[in-house]
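Protein chains in written order, with the working numbering: chain P, 1 to 334; chain Y, 1 to 376; chain A, 1 to 383.
The hints are simulated quantities; they were obtained by calculation from the structure and are not laboratory data.
Even glycine gets a Cβ: it sits at the ideal position worked out from N, Cα and C.
Wrong hints could be hidden among the right ones.
Simulated pairs of lysine to aspartate or glutamate, DMTMM-like, Cα-Cα distance not exceeding 20 Å [stated by the list, open to error]: (1) Y:K370 with P:D227; (2) A:K59 with P:E146; (3) P:K119 with Y:D364; (4) A:K89 with Y:D334; (5) A:K334 with A:D354; (6) Y:K366 with P:D227; (7) P:K148 with A:D360; (8) P:K148 with Y:E331; (9) P:K226 with Y:E368; (10) P:K119 with Y:D244; (11) P:K148 with Y:D334.
Some, not all, of what chain A presents toward chain P, calculated at C-beta under 10 Å [claimed, not checked]: (12) K225; (13) P243; (14) I269.
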Amino acid sequence: MKISASMTADFGDLWHNLADLTVSGLTQGSIYALIALGYTLVYGVLQLINFAHSEVFLVGTYSSIILWGWFGFSSGAGAVPALGTVIVMLLLGTLMASAVSGGTALLIERIAYRPLRRKNAPRLIFLITAIGASVAISELVGVLTERKPWGVPALVRPSVQWHIDPRDIGLDIQPVDITNLQIGIVLVTIVMWYALDTFLNKTKFGLGIRSVAQDEDTAALMGVNKDRVIMLTFLLGGLAAGVAAVLYNLKIGTITFNIGFLLGIKAFTAAVLGGIGNLRGALLGGLALGLVENWGAGMFGNSWMNVVAFVVLVIVLMFRPTGLLGESLGRARA
Amino acid sequence: MKVVDKLRAADERRVQFNQGIRGRWASLPKPARIAGAVAGIVLLFALPNLNIPFIRTDSIAGGTSFGFVLSSIAIYVLVAIGLNVVIGLAGLLDLGYIGFYAVGAYTVAIFGSPNSIVATEYPWLVCIPIAIALTMVSGVILGTPTLRLRGDYLAIVTLGFGEIIRIIAVNSAVTNGQRGIAAIPGPPGTWPAGSEFEGTPLFGPVDARPYYWLTLVLIVAVVLGVRQLERSRVGRSWLAVREDEDAASLMGVQAFKFKLWAFAIGAAIGGLSGALFASRQAYINSNSFNLLLSVMFVAAVVLGGQGNMFGVTIGTVLAFYLPERFREFQEHRDLVFGLALIVIMVLRPQGLFPSRRRAKELADRKQEAKEAMAGG
Amino acid sequence: MRRTLVRTLTGVAVAAVLIGTAACAPSDKSGDNDAASGTCTYKIAMMGPITGDNAGLGKPILQAVQLAVEQHKAKNADKCVELVQSDDKGTEDAAPGLAQQLVADQKVLGVVGPAFSGPTSASGDIFQAGNLPIISASATRPDLADRGWTVFHRTLGNDASQGPAVAKFIKDSLKATKVFVIDDKSDYGTGLAEQATAGLGSAVIGSESIQQKQTDFSAVVAKVKTAAPDAIFFAGYYAEGGPLAAQLKSAGVDAQFIGPDGIKDQGFITGAADAAEGSIITCPCIPAEKATGTFAADYKAKFGEEAGTYAAEAFDAANVFLAGVTSGVTDRAKMLEFITAYDQPGVSKHIKFDDKGEIDKSVIVIWTYDVKGGAIVAREPIQ
Chain P
1 MKISASMTAD
11 FGDLWHNLAD
21 LTVSGLTQGS
31 IYALIALGYT
41 LVYGVLQLIN
51 FAHSEVFLVG
61 TYSSIILWGW
71 FGFSSGAGAV
81 PALGTVIVML
91 LLGTLMASAV
101 SGGTALLIER
111 IAYRPLRRKN
121 APRLIFLITA
131 IGASVAISEL
141 VGVLTERKPW
151 GVPALVRPSV
161 QWHIDPRDIG
171 LDIQPVDITN
181 LQIGIVLVTI
191 VMWYALDTFL
201 NKTKFGLGIR
211 SVAQDEDTAA
221 LMGVNKDRVI
231 MLTFLLGGLA
241 AGVAAVLYNL
251 KIGTITFNIG
261 FLLGIKAFTA
271 AVLGGIGNLR
281 GALLGGLALG
291 LVENWGAGMF
301 GNSWMNVVAF
311 VVLVIVLMFR
321 PTGLLGESLG
331 RARA
Chain Y
1 MKVVDKLRAA
11 DERRVQFNQG
21 IRGRWASLPK
31 PARIAGAVAG
41 IVLLFALPNL
51 NIPFIRTDSI
61 AGGTSFGFVL
71 SSIAIYVLVA
81 IGLNVVIGLA
91 GLLDLGYIGF
101 YAVGAYTVAI
111 FGSPNSIVAT
121 EYPWLVCIPI
131 AIALTMVSGV
141 ILGTPTLRLR
151 GDYLAIVTLG
161 FGEIIRIIAV
171 NSAVTNGQRG
181 IAAIPGPPGT
191 WPAGSEFEGT
201 PLFGPVDARP
211 YYWLTLVLIV
221 AVVLGVRQLE
231 RSRVGRSWLA
241 VREDEDAASL
251 MGVQAFKFKL
261 WAFAIGAAIG
271 GLSGALFASR
281 QAYINSNSFN
291 LLLSVMFVAA
301 VVLGGQGNMF
311 GVTIGTVLAF
321 YLPERFREFQ
331 EHRDLVFGLA
341 LIVIMVLRPQ
351 GLFPSRRRAK
361 ELADRKQEAK
371 EAMAGG
Chain A
1 MRRTLVRTLT
11 GVAVAAVLIG
21 TAACAPSDKS
31 GDNDAASGTC
41 TYKIAMMGPI
51 TGDNAGLGKP
61 ILQAVQLAVE
71 QHKAKNADKC
81 VELVQSDDKG
91 TEDAAPGLAQ
101 QLVADQKVLG
111 VVGPAFSGPT
121 SASGDIFQAG
131 NLPIISASAT
141 RPDLADRGWT
151 VFHRTLGNDA
161 SQGPAVAKFI
171 KDSLKATKVF
181 VIDDKSDYGT
191 GLAEQATAGL
201 GSAVIGSESI
211 QQKQTDFSAV
221 VAKVKTAAPD
231 AIFFAGYYAE
241 GGPLAAQLKS
251 AGVDAQFIGP
261 DGIKDQGFIT
271 GAADAAEGSI
281 ITCPCIPAEK
291 ATGTFAADYK
301 AKFGEEAGTY
311 AAEAFDAANV
321 FLAGVTSGVT
331 DRAKMLEFIT
341 AYDQPGVSKH
351 IKFDDKGEID
361 KSVIVIWTYD
371 VKGGAIVARE
381 PIQ
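Could you put together the complete structure from these sequences and hints?
Below you can see the structure in the form of structure tokens.
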């Protein structure tokens, strides 16, 4: 079905590949969800779109590769190591990525946002500074890496764990092989989300964050140290981004200095889609966006994939700015 | 923090200096001010022909033609003035302004070029009004659903729209994607007898100076128009909406209608500059309309001092002239740009040359913050 | 920072006051970057991405031209030629301004470049209006020759030769019967994909487009997997080609991956990791070791690395201009005549231009390369 001279909607294509696209969508969506956690937390507490969060993610990807390099693992270096080594390397890599991402997030908060908070600057200024931080960090990485791509060591060899063939039940859908990596990504995301959710709802620190998000002056009156809470918020977002960074590395296999921007926009879209300021929303939004994107790509062709994502963003913001799950720590409508 | 304090002190001196100049300028009798403005404009017109040593971008090896750089800067200044109407005057954060620029450019390309999908080739003078009209319509289409959103959300939605337009430009057969559209016409005219390029088309490929002069004329016209708007009822409504939308609506200001007007006017100016860009380049493809350019426009406007057309102009000139002049640092240009954004926003959020009103608004907010901290 | 700003602004104001006395000529400080202080009468320019994201593709061309200029200077000290580097970053925006500048400088007799097709498209009219001959060593879009530019030439085969050659290679040498074609929507990719598809005819079982800067290709991979081709032809650049090949492999797609000169870069191998092994690359560029004469050795001696993609073609292009200067050409019109009449062997092929500025089809060779052991190794040319 032709929508315009260049855009055709091919339901047949989408249907044939539905299983495969769904699995890819969930996997990709998990990564969006993890990054979205950072956006949603910061927005919930500060009503600030942390444009630089995409670069917080970026430095995580590079730092984990650097760490693996220290242990002698580099891209294309032959055989996959033993399972035990792989697990250790993944853990260390995640620790490194989370530490660097978290640290970068804190740094950005300290240098770029805190002085503006002191001055009670209008939203626009925060946004410009955030953009400046985003551009500065990605360009710095670009300069340091001479804008050449970096390969990721092949620590996890995708091996098929699960073969699903819908044709067995009579549907004309191509079979899909689900790999250990894909399962791992979705599982880690859910675990990470659950951990953050528990932290936010069941610990004292989480209580502090929620109180500042709800009403910062009252929270201050009740003895909550606003600056510490904000730092913690950024740190948590950075940790989630670090985990996402390692997963992304394993999935895609190569990184360059400018991967942050598009991922960041999509992750923010996911956060908004699910309900900004809402952790559950971030997870749901991420998965939903991943699915919609991949289905859209199946239907309209890969070229229009990003348009689908942006159109979703625009439609959600226009008709339901509070997102799918509605509940939010901040407010969307003026 | 000593360095920061020193910078602040230096900046205070500069502000005093500026305000001194501004004060003296304002106190001059009107004829003197007009004469001064005219002299300044004459200087700008003469600029590409002057051989001021340090400034010319073609004085370095592998440099760009100075007339070309000036025409680029002029086009971008026009963009900035349009964006200033949206951001500075109406207080709407638009991160996808490049979309209007692109619509203007592609309209001229599609309607004017023999290579495009539209079979008839319209003369340039017809294409320009079509471009402006189409851009205004797209501004209204974009604005109607989105202007009810709060600041940050508006920013992201406009960002999304800008990207959607870019992706359509890349993928669509009408815009011919990255292969682009060539043979875009320019304004009519030939070089007069006795000049260097006598007999050849005035707005031809070899020399961009006529485009520069044309754009300057348009800038002056637009600036005068916007200033009239600023001082009219429309401008005061924008001011009210910008400062406090709820209070404004309580006072009977139809916020939505005026915001939409701002969007449409800003879009029209953006479309006009896009059209000029397309004519000068004579060939456009989707690569010219990327997001970073949109961000740079916003940054130039905010850096220069939003709400203040002079500041906005200076911001744009700096943002686009310096990388051309100092080509050897182009490798690091975006890095420096990002850092500059952070530094200037943190140290001086009102921009380099803020309108006095804007500076007051920010000072008020700072005062509020201080009181809140002292009291709470 | 702000003090400098204030000072610069004040400086401008002061200079404006001194208009009358500032009648000096624009300082002609066009310093040549390799030779001694610019006292040469003539210049040639190299236009391409010297900095920016695509600098890797511009570097071999620049260096080859530098080599040619230097060798020329050694033999013809009195008719020395200076090199002007015009960095367009591979973008269409910067190209016209640089072109206008080169055209305005009457000492510039020729331009090697622009390196990319987009900037060529944007600046061709300007060069034509200024009658400044250009010889590109790497711009392969076929329709550039049809724009009516008498000044346009190129020392390599365009996509209209590479496309059909690739199709022939895939059908005859690889004997693939099911081919999936992927392009990246770029100027270069779309054109090449079209040509290849036309040549492959019914062998093409599916096609898709990706976007530049895309990193996750799951949707495309799903389609390719369903189609189950023997061979995949990717018309695009290494930045996307690398991850695409990697993701195809890890999804279990077992097809021969073929790409054009856009992926002929170490970046492809880095990006694809072990999926790169066994890929085939086609290119209208000659492998350095097959170039005649001492070119490869000289290049290595001067720059310490192997001659990169299109270096040999750029060397030939530069030498056409330099031969013109040696033979006594003193202005652009004469240079154009010289180029039209030029008929000499070069290091990459025999250089003779037809009336559209293209190289004679009979000497155009499309080479193929294997990715073996982490390096790009030449194999036989396509007949």
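Going through the hints against the structure:
no.	hint	result
1	Y:K370 with P:D227	holds (16 Å)
2	A:K59 with P:E146	holds (13 Å)
3	P:K119 with Y:D364	holds (10 Å)
4	A:K89 with Y:D334	holds (14 Å)
5	A:K334 with A:D354	holds (17 Å)
6	Y:K366 with P:D227	holds (18 Å)
7	P:K148 with A:D360	violated (36 Å)
8	P:K148 with Y:E331	holds (14 Å)
9	P:K226 with Y:E368	holds (18 Å)
10	P:K119 with Y:D244	holds (19 Å)
11	P:K148 with Y:D334	holds (17 Å)
12	K225	holds (7 Å)
13	P243	holds (5 Å)
14	I269	holds (7 Å)
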